[in-house]
Amino acid sequence: MKRLTVIMPVYNGELYIEEAVNSLLNQTFTDFNLLILNDNSTDSTVEIIERLQKKDDRIQLISKTKNEGPANLRNEGIDRADTEYIALLDADDIALPTRFEKQITILDNNPNLGLCGTWFTIFGDKKEKVLRHEVEHDALKVQFLYSCGLGNSTVMFRKTALGNLRFEHQYVPAEDYGLWSEFIAKSEFYNIPESLVRYRWHPGNISQTKEENLRIAEVAIKKRQLERLEIPSNDPKSIYYVNAVCLKRKQTPEDIKETICAAKIILEKNKNLGIYNQDMLSKHIDKVIIRTIRNTSIYNSNFYKFIKNESGYFSKIPLIDKIVFFIKSTI
Numbered sequence: 001m002k003r004l005t006v007i008m009p010v011y012n013g014e015l016y017i018e019e020a021v022n023s024l025l026n027q028t029f030t031d032f033n034l035l036i037l038n039d040n041s042t043d044s045t046v047e048i049i050e051r052l053q054k055k056d057d058r059i060q061l062i063s064k065t066k067n068e069g070p071a072n073l074r075n076e077g078i079d080r081a082d083t084e085y086i087a088l089l090d091a092d093d094i095a096l097p098t099r100f101e102k103q104i105t106i107l108d109n110n111p112n113l114g115l116c117g118t119w120f121t122i123f124g125d126k127k128e129k130v131l132r133h134e135v136e137h138d139a140l141k142v143q144f145l146y147s148c149g150l151g152n153s154t155v156m157f158r159k160t161a162l163g164n165l166r167f168e169h170q171y172v173p174a175e176d177y178g179l180w181s182e183f184i185a186k187s188e189f190y191n192i193p194e195s196l197v198r199y200r201w202h203p204g205n206i207s208q209t210k211e212e213n214l215r216i217a218e219v220a221i222k223k224r225q226l227e228r229l230e231i232p233s234n235d236p237k238s239i240y241y242v243n244a245v246c247l248k249r250k251q252t253p254e255d256i257k258e259t260i261c262a263a264k265i266i267l268e269k270n271k272n273l274g275i276y277n278q279d280m281l282s283k284h285i286d287k288v289i290i291r292t293i294r295n296t297s298i299y300n301s302n303f304y305k306f307i308k309n310e311s312g313y314f315s316k317i318p319l320i321d322k323i324v325f326f327i328k329s330t331i
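First residue of the sequence shown: 1, per this note's numbering; consecutive thereafter.
To be clear, the hints were calculated from the coordinates, so they are not data collected in a lab. Ideal Cβ positions, reconstructed from N, Cα and C, are used throughout, including at glycine. Any given hint might turn out to be false.
Below, computed lysine-lysine pairings styled on DSS-like, alpha-carbon distance capped at 30 angstroms [stated by the list, open to error]: (1) Lys-305 to Lys-248; (2) Lys-328 to Lys-250; (3) Lys-308 to Lys-250; (4) Lys-316 to Lys-287; (5) Lys-54 to Lys-126; (6) Lys-328 to Lys-248; (7) Lys-237 to Lys-210; (8) Lys-159 to Lys-237; (9) Lys-308 to Lys-237; (10) Lys-264 to Lys-250; (11) Lys-223 to Lys-127.
Computed Cβ-Cβ distance ranges for the label pairs, DEER-style [unchecked claim]: (12) Asn-26 to Glu-68: 27 to 33 angstroms; (13) Lys-264 to Arg-58: 53 to 59 angstroms; (14) Asn-213 to Ser-301: 37 to 43 angstroms; (15) Gly-274 to Asp-108: 40 to 46 angstroms; (16) Glu-254 to Leu-25: 37 to 43 angstroms; (17) Glu-136 to Glu-254: 52 to 58 angstroms; (18) Ser-233 to Gln-278: 18 to 24 angstroms; (19) Leu-319 to Thr-160: 49 to 55 angstroms.
Using the sequences and the hints, build the whole thing.
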């Protein structure tokens with residue numbers, strides 16, 4: 001039996017799938033099966049995969065008769081996998097040759113880890129950039145409160161550690177953020193601080209509707225995480241708790257007051273419950289609140305007095321910002 005199953009959903013991927021598949025077949029770690037789930041492609045994707053299959057019997061192809069979406073296909077791949085480890089790669093991304101070897105080594109040597117990701121390089125229609133997410137588990141947990149700390153195509157995890165968790169349709173198009181934010185609550189994560197995947201960027205594919213759906217899904221995921229701190233998602237002021245961990249620009253003074261109050265409640269609850277590293281969480285929230293104050297949409301003397309005398313954050317604001325804040329509040 002192989003040690004690793006690699007799951008790759010694809011829909012009309014004729015332009016890039018051969019490069020993606022070859023990047024896997026050229027891995028220094030070779031003990032894996034590649035499970036490609038074809039989402040009823042109408043181009044030459046299947047022909048390309050079948051040609052590659054003739055050269056390497058590690059490739060398995062499952063074709064759907066209707067479009068099901070990548071979340072459902074990844075879930076099917078997870079259910080079908082009978083290996084110790086599962087890895088993901090999208091059909092237009094590229095894995096560097098030592099990716100699997102390095103991840104397997106770390107997971108083998110650290111049985112407490114449920115998942116291992118890596119840094120990755122964005123390329124395509126924009127200047128190349130290495131995305132450096134947090135590395136250690138405690139820092140990653142805090143990062144997940146405000147953003148997804150993993151690149152989906154960098155992920156390798158233990159199937160037994162994942163348990164019954166799966167990608168959830170209600171969080172599409174942020175279903176990866178949804179799954180990993182749940183998984184990190186029950187298992188330790190680690191990101192290799194090295195770019196081992198090349199992520200192809202397609203800005204033309206991001207529609208205004210998809211961006212709005214993404215924003216709505218991400219807010220819902222943040223609220224669900226805050227429930228671990230006994231902050232209900234249906235709390236009328238739940239958005240202020242979200243704003244306390246994830247910067248929202250141009251808030252009104254009244255909204256900022258609510259956000260600061262929410263920040264204090266989050267830190268007090270975490271102090272009692274111990275869900276997050278208190279020092280890391282406090283430092284992150286301090287940064288968010290200071291940037292929130294700096295980016296207020298309205299300046300007035302009453303707001304300045306509140307920040308100076310009641311908020312508890314005035315001493316943490318850089319001197320130059322205090323001066324600018326004072327001047328704008330008195331004009």
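- [ ] Please test the hint of 40 to 46 angstroms on the beta carbon pair from Gly-274 and Asp-108.
- [x] Distance hint for Gly-274, Asp-108 is violated at roughly 30 angstroms.
Open item on the list: For a C-alpha distance cap of 30 angstroms, please report whether Lys-328 and Lys-250 respect it.
Closed with: 15 angstroms, holds
Task: Lys-159 paired with Lys-237 [C-alpha distance capped at 30 angstroms] - done: With Cα atoms ~37 angstroms apart, Lys-159 and Lys-237 exceed 30 angstroms; violated.
TODO: Check the following: the C-beta atoms of Asn-26 and Glu-68 are separated by a distance inside 27 to 33 angstroms.
DONE: 29 angstroms, holds
Task: Proposed proximity, Lys-248 with Lys-305 (alpha carbon, max 30 angstroms) - done: 22 angstroms, holds
Open item on the list: Would the hint linking Lys-316 and Lys-287 be met if the CA-CA limit is 30 angstroms?
Closed with: Roughly 9 angstroms between the alpha carbons, so the hint for Lys-316 and Lys-287 holds.
Open item on the list: Assuming the hint says 49 to 55 angstroms, is it satisfied by the Cβ distance from Leu-319 to Thr-160 or not?
Closed with: 53 angstroms, holds
TODO: Sort out whether Lys-248 lies within 30 angstroms of Lys-328, counting only the CA atoms.
DONE: 20 angstroms, holds
Open item on the list: Please verify whether Lys-237 and Lys-210 have alpha carbons no more than 30 angstroms apart.
Closed with: 26 angstroms, holds
Open item on the list: Holds or violated: Lys-308 and Lys-250, Cα atoms, limit 30 angstroms.
Closed with: 19 angstroms, holds
TODO: Take a look at whether the Cβ-Cβ distance between Asn-213 and Ser-301 falls inside 37 to 43 angstroms.
DONE: Distance hint for Asn-213, Ser-301 holds at roughly 41 angstroms.
Task: Pairwise hint evaluation, Lys-237 against Lys-308, where the allowed Cα distance is 30 angstroms at most - done: This hinted pair holds, its Cα atoms lying about 24 angstroms apart.
Comparing the model with each earlier hint shows violations of hints 5, 8, 11, 15, 16 and 17; every other hint is respected.
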